[in-house]
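**Student:** Let the hints inform the model, and build the full structure from the sequences given.
Spelled out, the chains give:
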Amino acid sequence: ADVAVRGDARMGVLYDGNEWGFTSRARVQFNLSGETDGGLTFGGSFRVNDEGGANTGDGRRLASEGSRGTVFIAGPFGRLAMGAPAGAAEAAVGDLHEVGLTGLGFYNEVNYLTGDGDGIRGPWNPTVLYSYTFGDVTFYASASDGRDRGGRVENPALSTGSEDYGVGLAWAAGDFKIAAGFESSQVTNLVGDPAVLTTYGRQEQWVLGGDATFGDFTLRAIYANGDRSVAAGTFDYEEYGISGSATFDLITVTAFARETRQDTATGRNTNTYYGLGGRYDLGGGAALVGGIGYRDLADGTDDTYGDFGVTFRF
Amino acid sequence: ADVAVRGDARMGVLYDGNEWGFTSRARVQFNLSGETDGGLTFGGSFRVNDEGGANTGDGRRLASEGSRGTVFIAGPFGRLAMGAPAGAAEAAVGDLHEVGLTGLGFYNEVNYLTGDGDGIRGPWNPTVLYSYTFGDVTFYASASDGRDRGGRVENPALSTGSEDYGVGLAWAAGDFKIAAGFESSQVTNLVGDPAVLTTYGRQEQWVLGGDATFGDFTLRAIYANGDRSVAAGTFDYEEYGISGSATFDLITVTAFARETRQDTATGRNTNTYYGLGGRYDLGGGAALVGGIGYRDLADGTDDTYGDFGVTFRF
Amino acid sequence: ADVAVRGDARMGVLYDGNEWGFTSRARVQFNLSGETDGGLTFGGSFRVNDEGGANTGDGRRLASEGSRGTVFIAGPFGRLAMGAPAGAAEAAVGDLHEVGLTGLGFYNEVNYLTGDGDGIRGPWNPTVLYSYTFGDVTFYASASDGRDRGGRVENPALSTGSEDYGVGLAWAAGDFKIAAGFESSQVTNLVGDPAVLTTYGRQEQWVLGGDATFGDFTLRAIYANGDRSVAAGTFDYEEYGISGSATFDLITVTAFARETRQDTATGRNTNTYYGLGGRYDLGGGAALVGGIGYRDLADGTDDTYGDFGVTFRF
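Protein chains in written order, with the working numbering: chain A, 1 to 314; chain B, 1001 to 1314; chain C, 2001 to 2314.
In case anyone wonders, no lab produced these hints; they're calculated from the structure.
Here a beta-carbon is modelled for each residue, glycine too, at the ideal position from N, C-alpha and C.
Careful, some of the hints might be misleading.
DEER-style ranges, computed between Cβ atoms [claimed, not checked]: (1) C:Asp2249 / B:Gly1215: 50 to 60 Å; (2) B:Ile1178 / C:Asp2249: 47 to 57 Å; (3) B:Tyr1240 / A:Phe134: 48 to 58 Å; (4) B:Gly1267 / C:Trp2020: 40 to 50 Å; (5) B:Ile1178 / C:Gly2300: 48 to 58 Å; (6) A:Phe106 / C:Ala2212: 27 to 37 Å; (7) A:Phe106 / B:Thr1264: 51 to 61 Å; (8) C:Asn2225 / A:Asp299: 44 to 54 Å; (9) C:Thr2304 / B:Phe1106: 43 to 53 Å.
If you want a taste of the chain C side facing chain A, the calculated C-beta under 7 Å gives, among others [unchecked claim]: (10) Phe2030; (11) Asn2031; (12) Leu2032; (13) Phe2042; (14) Gly2044; (15) Val2048; (16) Ala2063; (17) Gly2069; (18) Val2071; (19) Gly2083.
With the C-beta cut set under 10 Å, the calculated list includes, among others, these residues of chain A facing chain B [what the hints assert, rightly or not]: (20) Val48; (21) Ser67; (22) Thr70; (23) Phe72; (24) Phe77; (25) Ala81; (26) Thr127; (27) Ala143; (28) Ile178; (29) Ile242.
**Tutor:** If you want it as structure tokens, here you go:
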């Protein structure tokens, strides 16, 4: 049973649609791994900054309190993970290809409702992700217990209702993958005191995705459809997108386009996002990375942004 | 002089007396160790989450500010530790056997008044623990300087009165151990701004404990008696408990019973706690662990709770 | 590309001019390093407690958000660092010799205006330091983008004006070094919500410094002159100091004297600081360290303080 220490860092410039600025970060991750006498594998992982959450702001999500990082055990029965793994739908379908040094707002990511930092937040509230692979097919199931500050005997009164859950199925054969997921979540208001939760209606969605690889070129498409809660109630939500990645020797080019459509009491809000990114491998764990993005939002935002710099892996 | 990186993790389910929920966590600890040319050993240890404290909530207790983790130096003169070691009484006598995956409220632990996170809290306020062993006897002495935000030249005005201190003596011979401790603390109100301290009367207690080991079976008993401060004043406090642990090959069974009696202006408050736990060693640092607990409190709480899951050491 | 884990710790006593108290801490640092196929070196470093900042108090300065620790890449073009490196003036000129176990208020340090935790604070707001060495001369240039919470596409509206910048030049030949720096900063009020910035006038200063080494004795002098903003406006500021360090086998003795002069609307405020420190090397990374300091401040403060204890490196 060992602890491996890995790191990553990046530095560069970012144009946020308004001004240029510098951007940098350095991080370290711990990878825990072991094996029982009976051959089960177990482990976990979290970053140093997975312990840096304060009471305010991001709801005190800490690996030492089960709300960041992951813990897992795996064997013939499948793989069971807790902490902050992706929800089942995200684990099965995934996101579009990411662009840029900083992720450029991560608009390539599907708006998943559960797991991985979504859904109910707060300390002592892990998500559970179970997965089982038989041949080319992997089944996923995930849930949270919906109990903010749960997981402790001292304060059962802080338990609150609302469970999140999700299921997913992925079929991968050779150069093709098809996946589908369903997830359901109760919307809660957790700004400020984590104990004050406002419950809205239950929201849920279907997510479909497909990958196809042709040599050094990969194409991906996603589609999501469901009901999502906004201030005035729960309304239809839909999103779809496509992305591709192509590698030419040391150079990789990535692009995506994605649109989300949220119905509201007063009409449909449509947001559109585009991204284009490039990466040049410098060897030794270093690369030059840059990206350009454009978004056209229902709130009138219409801007272009970009970043460029170096990334390092240690 | 080296830094060793160790980890632990756990995942499972917990019934808090009200509802079932998931529980998990992953942690990493740094163990620092070295030796001077003259043969003195020195070191320290703290966990990553010993640096995650925010200004609010748990009083900004950080290893980098002397309020979590420990630093030590040891030699012929004994062993001197600073940071957040146990107080002398706790170091000498210890706690009853713990049960369960999560500690189930840690009701097996004696209500110590000083050290190890008790007493005055806040940054730059370490506890000191000195110990010296001669033959079968170990002497312990501990103190805090009682100065919240002390340890810095810039803000002497933030120094506040009230020192905590404790002494302890343990005699261990073969399969038997007897220990006693005395400790004294000023009660302070440190909710919210660490600079606002409300001082109550001084509280203190005697703690006695004994261990006896018969092969794979260990029995332990503790007794504490003193004065403890509540809102209306300082009143008699008493607690006693017994616990045992038995190991059969890969299986360990643990149990405890403990009662606390706090006199108040309006009568005596009695709290009773029971715990029963089991552990099955899976090898490689992994184990199946579970426990059941029951508590009957003076405030009318009367519930049964339990947990079950896997623990890992890396 | 590797991650090295190093640690340091200390424990001792401190007299803050008012009372004696205990002081201790333990820390761990990650040093990241790598090399590209083309021979560029890159890396970074940060401490565990560089991720412990909360939203309040010290402005959420985190290595994972570019506001603590450093990231760098170096090659024939020079060395480019981001994160929280020293500003160019500080990188060129440096500080007077430090005394004591705890730094005793760090009154040996020049009041630099930019970089290394000065200037605009907040997440996603790195400082950039570029340096280039040709022969005995090293050139430094640094800047911040002045955009609190910059470096993210999602919140361009949180961008605020005010850039910090600095330049420095150091000439080091054999036992002598001469250095000069200029830096300029906008004063901002960042107590409480990092988004609420009050802008004062721009302040700037020249800093000059020199080192001379004669065998085991090093002498250092610094002088700074500029304009600094206080509540009533921007006024002349001046500081100068001298320090020395002498090593005799296992013993090192260090001393400094420094004075700052701040003009205000009602007259000149003069602060004077003295420090004397000693260190005895115990080998293996351990040392006995102590110091005494005295300060005579314009606000009437007139006190003597000191500390003593052990320091460890791992």
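**Student:** Between Tyr1240 of chain B and Phe134 of chain A, does the C-beta distance stay in 48 to 58 Å?
**Tutor:** For Tyr1240 of chain B and Phe134 of chain A the Cβ distance comes to about 56 Å; the hint holds.
**Student:** Holds or violated: is there a CB of chain B closer than 10 Å to the CB of Ser67 of chain A?
**Tutor:** holds, 9 Å
**Student:** Should the interface hint for Asn2031 of chain C be scored as holding, given a Cβ-Cβ cut-off of 7 Å against chain A?
**Tutor:** Violated - the Cβ of Asn2031 of chain C stays beyond 7 Å from chain A, reaching only about 9 Å at its closest.
**Student:** Ala81 of chain A was flagged as interface toward chain B. Is the shortest Cβ-Cβ separation under 10 Å?
**Tutor:** Result: holds, 8 Å to nearest chain B Cβ.
**Student:** Between Gly1267 of chain B and Trp2020 of chain C, does the C-beta distance stay in 40 to 50 Å?
**Tutor:** With a Cβ separation near 43 Å, Gly1267 of chain B and Trp2020 of chain C satisfy 40 to 50 Å, so the hint holds.
**Student:** Using Cβ atoms only, decide whether Ile178 of chain A comes closer than 10 Å to chain B, and label the hint accordingly.
**Tutor:** violated, 30 Å
**Student:** Cβ-Cβ distance between Asp2249 of chain C and Gly1215 of chain B: within 50 to 60 Å?
**Tutor:** At roughly 57 Å between Cβ atoms, Gly1215 of chain B and Asp2249 of chain C fall inside 50 to 60 Å, so the hint holds.
**Student:** Holds or violated: Phe2030 of chain C as interface residue toward chain A, Cβ cutoff 7 Å?
**Tutor:** Holds, because the Cβ-Cβ distance from Phe2030 of chain C to chain A comes to roughly 5 Å (cut-off 7 Å).
**Student:** Does the closest beta carbon of chain A sit nearer than 7 Å to the beta carbon of Gly2044 of chain C?
**Tutor:** For Gly2044 of chain C, the interface hint holds, since the closest Cβ of chain A sits about 4 Å away, which is under 7 Å.
**Student:** Asn2225 of chain C and Asp299 of chain A, beta-carbon distance inside 44 to 54 Å?
**Tutor:** At roughly 50 Å between Cβ atoms, Asp299 of chain A and Asn2225 of chain C fall inside 44 to 54 Å, so the hint holds.
**Student:** Quick check on the hint: Phe72 of chain A CB to chain B CB, less than 10 Å?
**Tutor:** holds, 8 Å
**Student:** So, Val48 of chain A near chain B? Judge it on the closest CB pair being under 10 Å.
**Tutor:** Since chain B brings a Cβ to about 6 Å from Val48 of chain A, closer than 10 Å, the hint holds.
Hints 6, 11, 24, 28, 29, counting from the list given before, are not met by this structure.
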